[in-house]
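Trainee: Residues per chain are reported as follows:
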Amino acid sequence: MTTDQPIRDAALAWAMATRAPDFADWDGFAAWLEADSAHAAAYDAVQYALEEADAVLAAFPEPEAAPEPANDNPSGWLAGRRGWLGGAIAASLVVALTSVMWFAPGGETLYRTTPGKTRVIALADGSTVELGGGSTLALEGERAARLEGGQALFTIRHDEANPFVLTAGGERLVDAGTVFDVRLAGETLDVAVAEGAVIVDPKGQAIRLDPGERAVREGGRFRLADVDSEAVGEWRRGRISFDGASLAEIAAELTRATGTRFTSADTATRLSGSIAMDAVRADPEALEPLLGVRITRSDDGWMIAAR
Amino acid sequence: MAPTTPLEEAYLAHRERLLRFLRARGGGEAAEDLLQELWLRLAAAPYPAAASGLGYMMRAADRLMIDRYRSERQATLRDKAWAEAQPGMVDGIAPAPGPERDLAARQEVARVERALAELGPRVAAILRRHRIDGLTQREIAAEFGVSLSTVESDLRRAYARIVAIREEGK
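Taken in order, these protein sequences are the chains called H and P. FYI, our numbering numbers position 234 of the first sequence as 234, with every residue one higher than the one before it. FYI, our numbering numbers position 144 of the second sequence as 451, with every residue one higher than the one before it.
Isolated chain H, as found in the complex (with noise of 0.2 Å):
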C-alpha cells in the first residue's frame, strides 16, 4: 500500500498538527478529511506507524544524558551549575543577597529567593512572575519556565499561537489567558487559577482549571477544590492560606514566607486557615492563639506542635 505523496505529505502534517497540546482547528482537519475518503486512511496508517515507532523509541535507553541539568542535589544545587561562577564566589553571594539570578549554558536562567523575600520577574513579552520566598525559578525559554521548589503567581500575557508553558514537579502547566499561582513543596502541587484558564498535564489528564478552580496534587494524584479567585496570590500581600495542610507542611511554608524558622515533626494534624505574615514575623508565639497550636523556641527557630 503505497499512499500518493501529497496525501501522505498532509497526513503527517495533520499528525504534528494535532499533535500540540492547543491545537484548535479541528473543523479544518475534519474539513480536509471530509475532502476524499484516502485521507483519513493516509491519517491512520501515518499515526500507526508514528506509534510503532514510539514504542520501539520507548523500549530503548536515551543514547545519552538529558541536556537539562539534574537536579537531583538541593543542598549543593550549584555543583550542577557549576561554570559561571566559582564556587567560593557563589556561596558567598547566596547569603549576601536576597535573590540571585544566573545565566545558565543554553540560555536557561535561574532565579533564587531567600526565604522572607519576594522579587518580581518581567518577561520580555509583558507577562510578569512573581516569585515568593524561598523559591527557585528557571526561565526556559521566552515562553517557557520551571518551578523547581516554592511559590510563584504568573500574569501571564496569552498568546494562542505561542502558549506559555510551565513545569513544576514533573508536571506541565499551559495558559490560556491567565493569572495563576502555583506552589510546588516535595511532591506536593497546588495550582490555582485567578483570571483566564490553565490546563495541566495537556498530554495526559489534560485537566482544565477556570478561574476560581484549583488543583492539589498529592500522593501522585490530582484533587480539584474551589478557591476564592481574589485569594490568588494572596501571599504577595503578607498572607498566606492553608486547606488541610500538616503542622510539618504549614511550618516549612511559614519559613519559606517570612525567613524566620519554624519546624514541626508532625504531619498527621492537619489545619485549615489563613494567616498575616507580619503578626508572625513581630511574634512568632502569634501562632498560638491563631492556630490553636503549641510554640516553643528551638536552636535555630521555632517549633509547632498541635496542643
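Just so you know, the hints here were simulated from the structure itself, not pulled from any lab data.
Here chain H is said to cover these stretches of chain P; the calculated rule only asks that three of the stretch's residues, wherever they fall, bring their Cβ under 8 Å from a Cβ of chain H:
id, region
1, 325 to 331
2, 346 to 356
3, 365 to 379
Built from N, CA and C at the ideal position, the CB exists for glycine as well.
Please build the complex by placing chain P on the supplied structure of chain H, with the hints as guidance.
Mentor: Chain P in isolation, oriented as in the chain H frame:
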C-alpha cells in the same frame, strides 16, 4: 435522556460536530456507534470538567479512531499469522507470539534504529523529546537552542522517514 451533568450537556452541544468528525475520520456508517463508544470514554474520564471541552472531545474522538485502526490491524496480522501457522484450524484462540513474530519485531526495531541513525543525532534526539517525553515543539526549540522552524523541519523529516520505512517494510 435529559442532560443532568455539565459533561452531558457539553457532549450534546457538540454531538453533531463529533459525529461529523467521526464520519470523516473513517467511521462512515458506523459513526453513530462510534459516537456511543466515545461517550462511554468521556463519561469514564477522571475529570469531567476537563472532558467537557470541545478540544478534549475531538482529541478523544481522534484517539478512538487511532485505537480502532490499531486493533483492526493487529487482528488482521494475528489472523494472518494464525492462518499461516495453523492452516485449517478454527480461530478464536489468541496465538502466542511465535518465532516469526519475534523476528518481525526485531527487524522493525532495526529499521527504526537505522532510520534514526541516518537522520543524525539531533533529529533523533528531538523526535524522542517530542514523542516520548511529550515536549512541545517550542519547548524543544528552547531546550536545544534552535529555532522553531528547525524543530518543525526536523520532526517533519523524522515523521516522513518513519512512515516511509513502514511502507518499505511491507
